[in-house]
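Novice: Count along the sequence shown starting at 1, add 59, and that's the number in the numbering used here.
Honestly, I wouldn't trust all of these hints.
[As the list claims (entries may be wrong)] Restraint ranges, calculated between C-beta atoms of paired labels, are given here: (1) F219 <-> G168: 39 to 49 Å; (2) L202 <-> R132: 46 to 56 Å; (3) P173 <-> G98: 11 to 21 Å; (4) G168 <-> I220: 39 to 49 Å; (5) L140 <-> L80: 48 to 58 Å; (6) I122 <-> N94: 14 to 24 Å.
[Unchecked claim] In silico DMTMM-like pairs for lysine to aspartate or glutamate, Cα to Cα no more than 25 Å straight-line: (7) K62 <-> E138; (8) K222 <-> D95; (9) K222 <-> E138; (10) K233 <-> D223; (11) K99 <-> D223; (12) K62 <-> D188; (13) K62 <-> D141; (14) K99 <-> D181; (15) K62 <-> D181; (16) K222 <-> D235.
None of these hints come from the bench; they were simulated from the model.
Only a predicted model underlies this, so the values are computations on that prediction, with no experimental measurement involved.
Glycine included, C-beta positions come from ideal geometry on N, C-alpha and C.
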Amino acid sequence: MRKYHPFLVTLHWLMVLMIPLSLTAGGIILANLPNDNPGKVTFLGGHMGFGLTIGAVLIIRLITRIRSTHPARATTGNEFLDRISLWTHWGFYVLIGGMVVTGLATALGAGLLPIVFAGSGDPLPATFDGLPQLFLHGFCAVLLIALIVLHLLAALYHQFILKDGLMARMWYGKRD
């Protein structure tokens, strides 16, 4: 088998689109928007809804990954790099799941759910500073960005240095 299941490929590329958007919304837009800005609740709702959707896609992807047949692990000829590859792929599941969990914990800790999703009309807290779960959310984001960069560099290494056609495994076409 040369390629991943087409549903898994679709979920992969969906997450490729969703995760950078959510990281940008949280790390650039929301982080720089004051809590007393009336539009912040709307942005929070979008970011939180998007994050929950990413969490659902992650669970579906993990189930699909476990239940579907897939190609053998790719190798580089270097045991150290192959081990990094394995940890990187599982690290994505852990960090993306961590982002969802710490995001939910932040929302609960700051009392955001009734404000953002139930239209309570209450103001946002004056600041989110000091929430340890928000610190962890940001820390997971930094690690996730580093992992994404590592993943991209590895894909380029396979494509242009090893020239082993690895990237074709995560695209559509005949699986055998």
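Novice: Give a verdict on every hint.
Specialist: For each hint, the structure was consulted:
A hinted range of 39 to 49 Å for the beta carbons of F219 and G168 is consistent with their spacing of about 45 Å. Separation of L202 from R132 is about 23 Å and departs from the stated range, judged on CB atoms against 46 to 56 Å. At about 18 Å, the beta-carbon gap between P173 and G98 stays in the expected band of 11 to 21 Å. Taking the beta carbon of each, G168 and I220 are about 45 Å apart, inside 39 to 49 Å as hinted.
The beta-carbon spacing between L140 and L80, approximately 30 Å, falls outside the hinted interval of 48 to 58 Å. In this structure, I122 and N94 break the distance hint of 14 to 24 Å, their C-beta atoms being roughly 37 Å apart. Only pairs whose Cα atoms come within 25 Å are accepted, and K62 paired with E138 is accepted, the gap being roughly 22 Å. Proposed proximity of K222 and D95 is contradicted: the alpha carbons are some 52 Å apart, above 25 Å.
Between K222 and E138 the CA atoms are separated by roughly 18 Å; this keeps the pair inside 25 Å, and the hint holds. Between K233 and D223 the CA atoms are separated by roughly 17 Å; this keeps the pair inside 25 Å, and the hint holds. For the hint pairing K99 with D223, the CA-to-CA distance comes to about 46 Å; that exceeds 25 Å, so the pair is violated. Restraint check: the Cα-Cα separation between K62 and D188 comes to about 45 Å, which exceeds 25 Å; the hinted pair is violated.
With a C-alpha separation of about 18 Å, the suggested pair K62 and D141 falls inside the 25 Å cut-off, and the hint holds. Distance hint between K99 and D181 is fulfilled; the C-alpha atoms sit about 13 Å from each other, no more than 25 Å. With a C-alpha separation of about 50 Å, the suggested pairing of K62 with D181 is violated against the 25 Å cut-off. Simply put, K222 and D235 have alpha-carbon atoms about 19 Å apart, close enough for the 25 Å limit, and the pair holds.
Violated hints, in rising order: 2, 5, 6, 8, 11, 12, 15; the structure is consistent with all others.
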